[in-house]
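**Q** Dock chain one against chain two, each of which comes alone in its own frame, and use the hints as you go.
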Amino acid sequence: MAERSLRGKVAVIGIGETTYYKHSQSPDPEFILALKAILAACEDAGINPQDIDSFASYSNDRNDPSRISAALGCKELRLSNMQWGGGGGGGAAAVGNAAAAIATGQAEIAVVYRALAQGQFQRFGQAQAGGTVAGDNALINPYGIFVPAQRFALKIMRYMHDHGIKQEALRALAMASYHHAQSNPRAVMYGRPLTEEAYDASRWISEPYHLFDCCQENDGAAALILVSAERAKDFKNKPAYVLAVAQGSDHRNAARSFNAPEFASASFGPVAPHLWEMAKLGPKDVDVLQSYENFTGGVLMSLTEHGFVKPEECNEFLRLENLLAPTGKLPLNTSGGNLAECYMHGLELQIEAVRQLRGTATSQVPGAKVAGVIAGPMVTPVSTMILGSEETL
Amino acid sequence: MSYLPKGLPAPVTETDKLDAPYWAGTREGKLRVQRCAACNTWQWGPEWLCHNCRSWDMRWVEVEGKGKIWTWTRCWHPVHPALKGHGPYIAVLVELPNAGNVRMLGNLLGDPEQPVRIGAPVEAVFEPHDDAATPYTLVQWKLAT
Ligand SMILES: [Zn+2]
Numbered sequence: 001m002a003e004r005s006l007r008g009k010v011a012v013i014g015i016g017e018t019t020y021y022k023h024s025q026s027p028d029p030e031f032i033l034a035l036k037a038i039l040a041a042c043e044d045a046g047i048n049p050q051d052i053d054s055f056a057s058y059s060n061d062r063n064d065p066s067r068i069s070a071a072l073g074c075k076e077l078r079l080s081n082m083q084w085g086g087g088g089g090g091g092a093a094a095v096g097n098a099a100a101a102i103a104t105g106q107a108e109i110a111v112v113y114r115a116l117a118q119g120q121f122q123r124f125g126q127a128q129a130g131g132t133v134a135g136d137n138a139l140i141n142p143y144g145i146f147v148p149a150q151r152f153a154l155k156i157m158r159y160m161h162d163h164g165i166k167q168e169a170l171r172a173l174a175m176a177s178y179h180h181a182q183s184n185p186r187a188v189m190y191g192r193p194l195t196e197e198a199y200d201a202s203r204w205i206s207e208p209y210h211l212f213d214c215c216q217e218n219d220g221a222a223a224l225i226l227v228s229a230e231r232a233k234d235f236k237n238k239p240a241y242v243l244a245v246a247q248g249s250d251h252r253n254a255a256r257s258f259n260a261p262e263f264a265s266a267s268f269g270p271v272a273p274h275l276w277e278m279a280k281l282g283p284k285d286v287d288v289l290q291s292y293e294n295f296t297g298g299v300l301m302s303l304t305e306h307g308f309v310k311p312e313e314c315n316e317f318l319r320l321e322n323l324l325a326p327t328g329k330l331p332l333n334t335s336g337g338n339l340a341e342c343y344m345h346g347l348e349l350q351i352e353a354v355r356q357l358r359g360t361a362t363s364q365v366p367g368a369k370v371a372g373v374i375a376g377p378m379v380t381p382v383s384t385m386i387l388g389s390e391e392t393l
Numbered sequence: 001m002s003y004l005p006k007g008l009p010a011p012v013t014e015t016d017k018l019d020a021p022y023w024a025g026t027r028e029g030k031l032r033v034q035r036c037a038a039c040n041t042w043q044w045g046p047e048w049l050c051h052n053c054r055s056w057d058m059r060w061v062e063v064e065g066k067g068k069i070w071t072w073t074r075c076w077h078p079v080h081p082a083l084k085g086h087g088p089y090i091a092v093l094v095e096l097p098n099a100g101n102v103r104m105l106g107n108l109l110g111d112p113e114q115p116v117r118i119g120a121p122v123e124a125v126f127e128p129h130d131d132a133a134t135p136y137t138l139v140q141w142k143l144a145t
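Residue numbers (this note's numbering), protein chains in the order written: chain W, 1 to 393; chain U, 1 to 145.
Read the hints as simulated data drawn from the structure, not as lab findings. Just so you know, not all the hints are guaranteed correct.
Calculated pairs, DMTMM-like style, for lysine to aspartate or glutamate (alpha carbon to alpha carbon, straight line, at most 20 Å) [stated by the list, open to error]:
| hint | chain 1 | residue 1 | chain 2 | residue 2 |
| --- | --- | --- | --- | --- |
| 1 | U | Lys68 | W | Asp162 |
| 2 | W | Lys166 | W | Asp285 |
| 3 | W | Lys166 | W | Asp53 |
| 4 | U | Lys17 | W | Asp136 |
| 5 | U | Lys68 | W | Glu312 |
So that you can see chain U by itself, here it is in the shape it has in the complex (with noise of 0.2 Å):
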């Protein structure tokens, strides 16, 4: 079951491989990001080389699935064909304080009309789309219990 409708757009891993090893991750349940191994900077979203020091030495690592929301907003002007009808829905900017604060967006779990507190600390779930032409899973955000 996933949080929004069947029909919106599957992501697919770059022609150039940048971010395979993200999305290997979360099919095998394991949220990864770039660490530099030349200076410890954390980096997302992927990119070839390190932003602080240049070098091409980037690691995946594995983090645990836990966050604080940054910013959010609630959707309900349905911008795409596959979100008509379908009603408000959340998405959150999580900031991972394990992994050097950087961002991922994703969507907020439960009432798309609950209230929402900048700071909250959630908790990555992860929504497979077993499915899909090319399978996938996308990384979703919970408030933590």
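In isolation and in its complexed conformation, chain W is listed as follows (with noise of 0.2 Å):
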């Protein structure tokens, strides 16, 4: 029997973006918004919109593909597909869903999109009032506890207990985001970098984390276009080819009122190792990574299970000229991220992974042949991708 795997099968040759904003400040409405993200993705690959006939999203996105493709005039639609649950989790995996449909030929020619006016709608960031609660949320919101920030804190609260984590790496992580959005024209933060002083300055949200360490709220839209690697040569751009996709969390991830066994974790741990084993590749081979911020401490426990640091390190390791691009030893999320470029859901990191696949990215990592991206820790289900170059087939 052949090899079941991704592995080299499907590339994005097309990224596509709306102007980032703060939340609640897009002139557009969220379904102008993916429109304009997946034509400028067409543009850029140089195909013809009407030639879509598939999509990919997650987090429950408001916009139904089969409203954009008649709105687009597409020829035909061929694939409509929700990622379950998981929130930002579900980055990653939307690409690696359409990519499974290209790969096994129910699909020609796929869209990954995500859109978000969080002002149009509810914010992530704010509970609403009044009312009943039932089920897991009625054993946790009446005592204060919301959103996503407070949910996860106390994950990275015990994770830093059992391994002697100090504060200071979740500041190199802030850092890290912020110092490339000062590269980046497109990043909501550009223009407004972060000092040490004025991370340990910052209020608490919930501790351990300060404002600094928890992603902005904001309205924009972005999208990628996938085809075979057949095909991809055909386009204009550079393909950045599917390496490997892994989705999931660990067992028993959603047992209620926190009483997942590895709750203390970001939810890769059985994730992680099926990503290597289809990309054929280790931590050691990424040039550069993406790592899914909503919250610092879930870029640390993705590192950690992912194999890039062991949690016994991360004092050590987590430092700002580690995480630096050019030169640094692991350059990380280096068009700024959802802390500092826009919290476009995670679909900015994949763009971001492409651009440096292609050497257009604004803190480019030199010759980088194979990326990283890793979608909404802490959640599940999460998700994981590895792209590569050619040379990386």
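**A** See the structure below:
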């Protein structure tokens, strides 16, 4: 039987994004943002939007593929795929789902997209007033725990306790994103550098998270166009090949009332080994990494669970100089990421990985051939992906 | 007197009644969690069957309100309208060594700016909300004396 793998079978040939706005500041409604990002990706790829036949998204994106397909006048609709659960944890999975459909003949030209207008709809970081709650929320909300910052503070607090990790390690992760945003005119935090002093002085959100450990809330949209590896070279851009995708989470990750056996984790325990197995690569082979910062603590645990750094080495390794392009040991979140470029629910990280492989990033790692993208840690399911240039096939 | 201000969402039993024995128990000052009659596995939060052996014979067992702080956070940012202007408060995830180390969330009573230590022993305190439309009782925690 042939090996079951996506390695090298599908490539990203187009990327597109809207202007990135602070939350509630988009002049366009969410559906227009989605269309603009998809059209930008088509233009980048050099394809006619009518030729898109397949769609994949995540986190219950509100923009239905059937409506998009009709609006764009697409010739036919083949795949209309939504990744269940996990919020931003579905970002790499959506690419994997589209790629799997292409590799198995169920799709030809697929777009992976995500649009968010948190002003038009409810913000992520604020709870709704009053009322009653049932089920898992009944065991949590009455104690004042509502939003991801609080829920995920509980995870990293225990992890830092278990492994003696200091606040400075979280600070370095925040500063890496802000540092890279200063070279990126698209970034919402462009021109707003972060100093150690400003980090330390910033208010607590939910200990151990300071304000600068937490992602922004933004409006915008992003899209990627995928085709088979056979067709990829027919288009104008240097293809970014999907070398591996993995999604999932630990044993009983969703056990209620925070009873996951591996609660103090980013949920990549069994997922990362699947990634490396399919990629036929290891963490040392990755030239540049985008790791979803909902909160810095999630990045830290993502790095350890993928094997980029051992838990007991975090204090030593997670220093700003190690995390910066072009020369750091592990250039991280090179566009500014969710913290400082835009919280485009992580899809901006996938686009940045493609840019790094094309050689067009604003904080370019010279000659980058292998780019990692880790989506939405600490939720279930999470997902993770490796892209590679042609030399890695 | 409740630890957090009025106006936070009130817990109600699920429409399928899965967790009804828990909420009925707290009204009587009893802390109940699930235990499998077939294999003795403790389970929390509630589910219809045992995750260890798939038995449907889940019993509700009263457990002593004693535990240890497994993790915690001190919340400063008011994420809910009822918390505006309230100031910090502490949430603790407590593990119950007498019930298979299942974990429960609650608030740590006392000074909201007190230092918190993972592993510290705590005791359950029942906090009634009698004036709610559907009265309920929360399980809170205080440092063991
Ligand atoms: Zn059982």
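**Q** Next, verify each hint and record whether it holds.
**A** Verification of the supplied hints:
1. Straight-line distance between C-alpha atoms of Lys68(U) and Asp162(W) comes to about 15 Å, which keeps the hinted pair within the 20 Å bound.
2. Restraint check for Lys166(W) and Asp285(W): not satisfied, since their Cα atoms lie roughly 27 Å apart, outside the 20 Å limit.
3. Between the alpha carbons of Lys166(W) and Asp53(W) the distance comes to roughly 49 Å, so the proposed pair goes past 20 Å and is violated.
4. With a CA separation close to 13 Å, the supplied pair Lys17(U) and Asp136(W) stays within the 20 Å bound.
5. Among the hinted pairs, Lys68(U) with Glu312(W) is inconsistent with the structure: their alpha-carbon atoms are about 25 Å apart, more than 20 Å.
The structure fails hints 2, 3, 5 (numbered hints given earlier, in ascending order).
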